[in-house]
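Asks: Generate the whole structure from the sequences, applying the supplied hints.
Heads up: the protein sequence lines correspond to chains Y and X, in order. For what it's worth, the numbering used here labels the leading residue of the first sequence as 438, then goes sequentially. For what it's worth, the numbering used here labels the leading residue of the second sequence as 6, then goes sequentially.
Treat the hints loosely; a few may be bogus.
[Said to hold, decoys possible] Pair by pair, the computed Cβ-Cβ distance ranges are:
no. : chain 1 : residue 1 : chain 2 : residue 2 : range
1   : Y       : 454       : X       : 374       : 47 to 53 Å
2   : X       : 383       : Y       : 528       : 23 to 29 Å
3   : X       : 376       : Y       : 641       : 54 to 60 Å
4   : X       : 173       : Y       : 454       : 48 to 54 Å
5   : X       : 109       : Y       : 550       : 48 to 54 Å
6   : Y       : 652       : X       : 24        : 57 to 63 Å
7   : Y       : 507       : X       : 160       : 48 to 54 Å
8   : X       : 191       : Y       : 630       : 38 to 44 Å
[Stated by the list, open to error] Footprint (simulated), chain Y over chain X, 3 or more residues, beta carbon under 8 Å:
no. : stretch
9   : 216-230
10  : 253-263
[Said to hold, decoys possible] Among the chain Y residues that face chain X by a calculated CB cut under 7 Å, a handful are:
no. : residue
11  : 520
12  : 524
13  : 539
14  : 544
15  : 551
16  : 555
17  : 568
18  : 571
19  : 588
No wet-lab data here; the hints were simulated from the structure. From the three backbone atoms N, C-alpha and C, an ideal C-beta is built for every residue, glycine too.
Listed below are the residues making up each chain.
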Amino acid sequence: MKKPVLSVSGLSKTFGGIRALKSVDLEIFPGQIVGLIGPNGAGKTTFFNCMTGIYRAEEGSVRLGEDPPQELVGKRPDQINRLGLARTFQNIRLFGKMRVIENVMVGRHGVTRQGLISTLFKTKSMVAEEKETLERSYELLKSVGLEGQENRLANELAYADQRRLEIARALASEPKVLMLDEPAAGMNHTETAELDQLILSIKEQAKISILLIEHDMRLVMNLSEQILVMDQGAKIAFGSPEEIQNNPAVIGAYLGQEV
Amino acid sequence: MKTPWTRSLLIGLWFAFLTLPLVGFRTDFLEKTLHFRPWPLVAVFGVTSLFAFGWSWYARRQPVETALFASYGGVGGWGQRLNSKPVLLTLLSLALVLPLVTSGYQTGILITALTYIVLGLGLNIVVGVAGLLDLGYVAFYAVGAYAYGLLSQQYDLGFWVVLPVAGVLAALLGVLLGIPVLRLRGDYLAIVTLGFGEIIRLVLENWGEVTGGPSGISGIKKPAIPGVVMDFQQQNQFLYYLILLLALVAIWVNHRLQSSRLGRSWLALREDEIAAQAMGIDLTQTKLTAFGLGAFWAGVVGVFFAAKSSFINPASFTFHESAIILSIVVLGGMGSIAGVVIAAGLLILLPEYLRFLQEYRMLMFGAVMVLMMIFRPDGLIKNPRPFYSRPKKEDR
Numbered sequence: 438m439k440k441p442v443l444s445v446s447g448l449s450k451t452f453g454g455i456r457a458l459k460s461v462d463l464e465i466f467p468g469q470i471v472g473l474i475g476p477n478g479a480g481k482t483t484f485f486n487c488m489t490g491i492y493r494a495e496e497g498s499v500r501l502g503e504d505p506p507q508e509l510v511g512k513r514p515d516q517i518n519r520l521g522l523a524r525t526f527q528n529i530r531l532f533g534k535m536r537v538i539e540n541v542m543v544g545r546h547g548v549t550r551q552g553l554i555s556t557l558f559k560t561k562s563m564v565a566e567e568k569e570t571l572e573r574s575y576e577l578l579k580s581v582g583l584e585g586q587e588n589r590l591a592n593e594l595a596y597a598d599q600r601r602l603e604i605a606r607a608l609a610s611e612p613k614v615l616m617l618d619e620p621a622a623g624m625n626h627t628e629t630a631e632l633d634q635l636i637l638s639i640k641e642q643a644k645i646s647i648l649l650i651e652h653d654m655r656l657v658m659n660l661s662e663q664i665l666v667m668d669q670g671a672k673i674a675f676g677s678p679e680e681i682q683n684n685p686a687v688i689g690a691y692l693g694q695e696v
Numbered sequence: 006m007k008t009p010w011t012r013s014l015l016i017g018l019w020f021a022f023l024t025l026p027l028v029g030f031r032t033d034f035l036e037k038t039l040h041f042r043p044w045p046l047v048a049v050f051g052v053t054s055l056f057a058f059g060w061s062w063y064a065r066r067q068p069v070e071t072a073l074f075a076s077y078g079g080v081g082g083w084g085q086r087l088n089s090k091p092v093l094l095t096l097l098s099l100a101l102v103l104p105l106v107t108s109g110y111q112t113g114i115l116i117t118a119l120t121y122i123v124l125g126l127g128l129n130i131v132v133g134v135a136g137l138l139d140l141g142y143v144a145f146y147a148v149g150a151y152a153y154g155l156l157s158q159q160y161d162l163g164f165w166v167v168l169p170v171a172g173v174l175a176a177l178l179g180v181l182l183g184i185p186v187l188r189l190r191g192d193y194l195a196i197v198t199l200g201f202g203e204i205i206r207l208v209l210e211n212w213g214e215v216t217g218g219p220s221g222i223s224g225i226k227k228p229a230i231p232g233v234v235m236d237f238q239q240q241n242q243f244l245y246y247l248i249l250l251l252a253l254v255a256i257w258v259n260h261r262l263q264s265s266r267l268g269r270s271w272l273a274l275r276e277d278e279i280a281a282q283a284m285g286i287d288l289t290q291t292k293l294t295a296f297g298l299g300a301f302w303a304g305v306v307g308v309f310f311a312a313k314s315s316f317i318n319p320a321s322f323t324f325h326e327s328a329i330i331l332s333i334v335v336l337g338g339m340g341s342i343a344g345v346v347i348a349a350g351l352l353i354l355l356p357e358y359l360r361f362l363q364e365y366r367m368l369m370f371g372a373v374m375v376l377m378m379i380f381r382p383d384g385l386i387k388n389p390r391p392f393y394s395r396p397k398k399e400d401r
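Replies: So, in structure tokens, the structure goes:
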């Protein structure tokens, strides 16, 4: 039996009196794409924020990696990123006044080392690392289809391209698990279809697991091997796309229950 | 929706109303009566309306932002031409020759301008690049100046020893200030740093036994080369070359950092703190390096200032100074080295060379600033990021 690369157990978070997350469990195995769906306000983004350290979960644990698994709850966002969990944001958060290529280069911050002194004296290792960073960033931009846009400013890009750039930036940190928060939001049909292909190729080439929040059902059902359904902060179903589509609790959450 | 014409007429009407008490009435002192004068008002109305319409027509014809210069980012823009080797070498040789051919007075002005270039470059790291609005920058300048004043008088330490020591001292203080304000941003950070600057000044003013209180420290030794006797003019020229060297080093450091891992992480913090952290950037470490390095330059320049004027007191380190240095950074364009150099030149040299205008001097200065804000609201150099090209195959 394979070990999970990411296992979440009993993750809980409250805001004042509202229980935004109620003991959510999830396991992702290497190379898997897991979808995360649920009606608006179900707690999907809160779940992401608790896992990436932006919010501090009150209970539960998030373990990343195989041997030995590292506990993520209680760590800072930058530490979590360095351990191998990278994400994109629902409301795009790029570094707008930096060049496209620089956005990706910032993504490699956690896997590079050079500091003040080596930069000032332009040491050999610093020059080599910069060159590698630049080269890898060019490759990543090519792989997400942003070739030729490297020297534009990030906020000049078209909306769909900004989403793609966020994915490239997250991939630059060489994560074990990539978390995409509504990557298809605001995209048209053609762009969504391209995104579908992109996510599949990322999974194949980078050999990483992907956790995907998405409202576009066709995309989620297409891509995901397993789907986690949340409603009002709790997990209500987990299974393959076919199981989820026929699950009465899921249908109830989306369409309302018969009284 | 208002048409440009109605808009212009409304603007004219508003101006006529504003100038009503000034233009619309004439007092007759002999008869002690007030006469209403409609024609000048009509003239004000007409001229303003026409001007407003012309302005809006001009603005519609070409976007205001690109009207004056091409941006730095554009190929062949003026910033790029400025960045070429021949231009930089010409500027450098000009800077080297100037004190030899001009009067001591001119050299003095240039020394002041160069001082502010270094201060601007230091604050540029904190405000321009890392986006941490620091209104108390002058505190570190004061720390450097007093460090030299006190260390040279009490312990007889020389200029060359104190220069790095004071820099490090200011940097440490910068880090110390940085720790409690790590979580603050924008307005809140500005208020705390403003308070910090005032605290340092008030301590200097009131801790009489150590700092000499409001009367400050006088008779501070000027920098010297051991074994060389200099007359007044040579001393002045020596100071010039010294601060020129400091400025060049500061430019070099800023330039190196601009496109490095550290420089990019500062920028990322300025653009989006949460995303930056999610990309593995350690908030604490990155912010503290910015505060420390920025303060370092203020400390170094503080030593130079104390040595140059041989007299320091708290009056030299008021909020006014912080405001000027901040203006240099903002005017130059956040994060731009060339911008800081040009803006420091403008802000320091312009008031000096406008002296022939006498009492209209500051008025002209203000007008220039207002025009700047209209035509280049993002600063002189808008986008200072360098261009990237893919490493060549053979280097890979």
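Asks: Compare the structure with each hint and give your call.
Replies: Results of checking the hints against the structure:
At roughly 52 Å, the beta-carbon separation of residue 454 of chain Y and residue 374 of chain X lies within the given 47 to 53 Å, and the hint holds. Checking the proposed 23 to 29 Å range against residue 383 of chain X and residue 528 of chain Y shows it holds: the Cβ atoms sit about 24 Å from each other. Separation of residue 376 of chain X from residue 641 of chain Y is about 57 Å and conforms to the stated range, judged on CB atoms against 54 to 60 Å. The hinted window of 48 to 54 Å between residue 173 of chain X and residue 454 of chain Y holds, with their beta carbons roughly 51 Å apart.
For the hinted restraint 48 to 54 Å between residue 109 of chain X and residue 550 of chain Y, the CB-CB distance of approximately 50 Å keeps it satisfied. Hint check: residue 652 of chain Y to residue 24 of chain X, Cβ distance near 59 Å, so the stated range 57 to 63 Å holds. The given range of 48 to 54 Å is respected by residue 507 of chain Y and residue 160 of chain X, whose C-beta atoms sit roughly 51 Å from each other. The hinted window of 38 to 44 Å between residue 191 of chain X and residue 630 of chain Y holds, with their beta carbons roughly 41 Å apart.
Figure legend: the stretch 216-230 of chain X, annotated as covered by chain Y; annotation inconsistent (0 residues with Cβ-Cβ distances under 8 Å, at least 3 required). Residues of the stretch 253-263 of chain X lying with their CB closer than 8 Å to a CB of chain Y number 3, which satisfies the three-residue condition for coverage. The interface hint given for residue 520 of chain Y is broken, as the beta carbon of that residue sits about 10 Å from the closest beta carbon of chain X, more than 7 Å. The criterion of a C-beta within 7 Å of any C-beta in chain X is met by residue 524 of chain Y, whose closest approach is roughly 6 Å, and the hint holds.
Taking 7 Å as the C-beta cut-off, the interface hint given for residue 539 of chain Y holds, the closest approach to chain X being about 6 Å. Checking residue 544 of chain Y against chain X: minimum C-beta separation of about 5 Å stays under 7 Å; hint holds. The criterion of a C-beta within 7 Å of any C-beta in chain X is met by residue 551 of chain Y, whose closest approach is roughly 5 Å, and the hint holds. Because the smallest distance between the Cβ of residue 555 of chain Y and any Cβ of chain X comes to about 9 Å, over 7 Å, the interface hint for this residue is violated.
Because the beta carbon of residue 568 of chain Y sits about 5 Å from the nearest beta carbon in chain X, less than 7 Å, this interface hint is met. Annotation: interface hint on residue 571 of chain Y holds; nearest CB of chain X at approximately 6 Å, less than 7 Å. Annotation: residue 588 of chain Y was flagged as interfacial toward chain X, and the flag holds, the nearest CB pair being 5 Å apart, inside 7 Å.
Violation of the numbered hints given earlier is confined to hints 9, 11 and 16; the remaining hints are satisfied by the structure.
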